[in-house]
Amino acid sequence: FRSLKMVHPHLHNVINCLVGPAGKGFDAQAGNPCKGMGEGAIVDAKGDAATESRLHAALTEAEHGLKSTTLEGAHADAQQVLTALQAK
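So the sequence shown is numbered by this note's numbering: it starts at 208 and just counts up by one.
Just to be clear, a hint being listed does not mean it is correct.
[Unchecked claim] In the DSSO-like style, the derived pairs of lysine-lysine whose C-alpha atoms are separated by at most 27 angstroms in a straight line are:
(1) K253 / K231
(2) K295 / K242
(3) K212 / K274
(4) K212 / K231
(5) K242 / K231
(6) K295 / K253
(7) K242 / K253
(8) K274 / K231
(9) K253 / K212
(10) K231 / K295
(11) K274 / K242
No lab work stands behind these hints: they were computed from the structure.
Construct the complete structure from the given sequences, taking the supplied hints into account.
Structural data, given as structure tokens:
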């Protein structure tokens, strides 16, 4: 991505998928690419502590990326989201 205006909406899509439509931080205006796939990844992972931990780490990074005022910072946070989601 070449601008914050491109990165931030994608990070918010990640947040929406993680928290689900009833979750804190969900923004319907940002879109819900995970509609119909459950109640949100974090909600759906209840009872699986390792997965919940990974998803909360990804959420923290995505939220941090939304607050980033530089493209480089937002990219770094997006990479951390990806790393957290890919960890096993």
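27 angstroms limit on alpha-carbon distance, applied to hinted pair K295 and K242: holds, 25 angstroms
Proposed proximity, K212 with K253 (alpha carbon, max 27 angstroms): Given that 27 angstroms is the threshold and the Cα spacing comes to 33 angstroms, the pair is violated.
Given hint K231 paired with K212 - CA-CA distance at most 27 angstroms: holds, 22 angstroms
Agreement of K242 and K231 with the hint, judged by alpha carbon distance not exceeding 27 angstroms: The hint holds at about 16 angstroms.
Hinted pair K295 and K253, Cα distance within 27 angstroms: Measuring from Cα to Cα gives roughly 16 angstroms; hence the hint holds.
Agreement of K274 and K242 with the hint, judged by alpha carbon distance not exceeding 27 angstroms: holds, 25 angstroms
Straight-line alpha-carbon gap K231 to K295, limit 27 angstroms: holds, 25 angstroms
Proposed proximity, K274 with K212 (alpha carbon, max 27 angstroms): This hinted pair holds, its Cα atoms lying about 12 angstroms apart.
Distance restraint between K274 and K231, which requires alpha-carbon spacing of 27 angstroms or less: holds, 16 angstroms
K253 paired with K231 [C-alpha distance capped at 27 angstroms]: holds, 16 angstroms
27 angstroms Cα cutoff - pair K242, K253: holds, 19 angstroms
Hint violations for this structure: number 9 only, all remaining hints satisfied.
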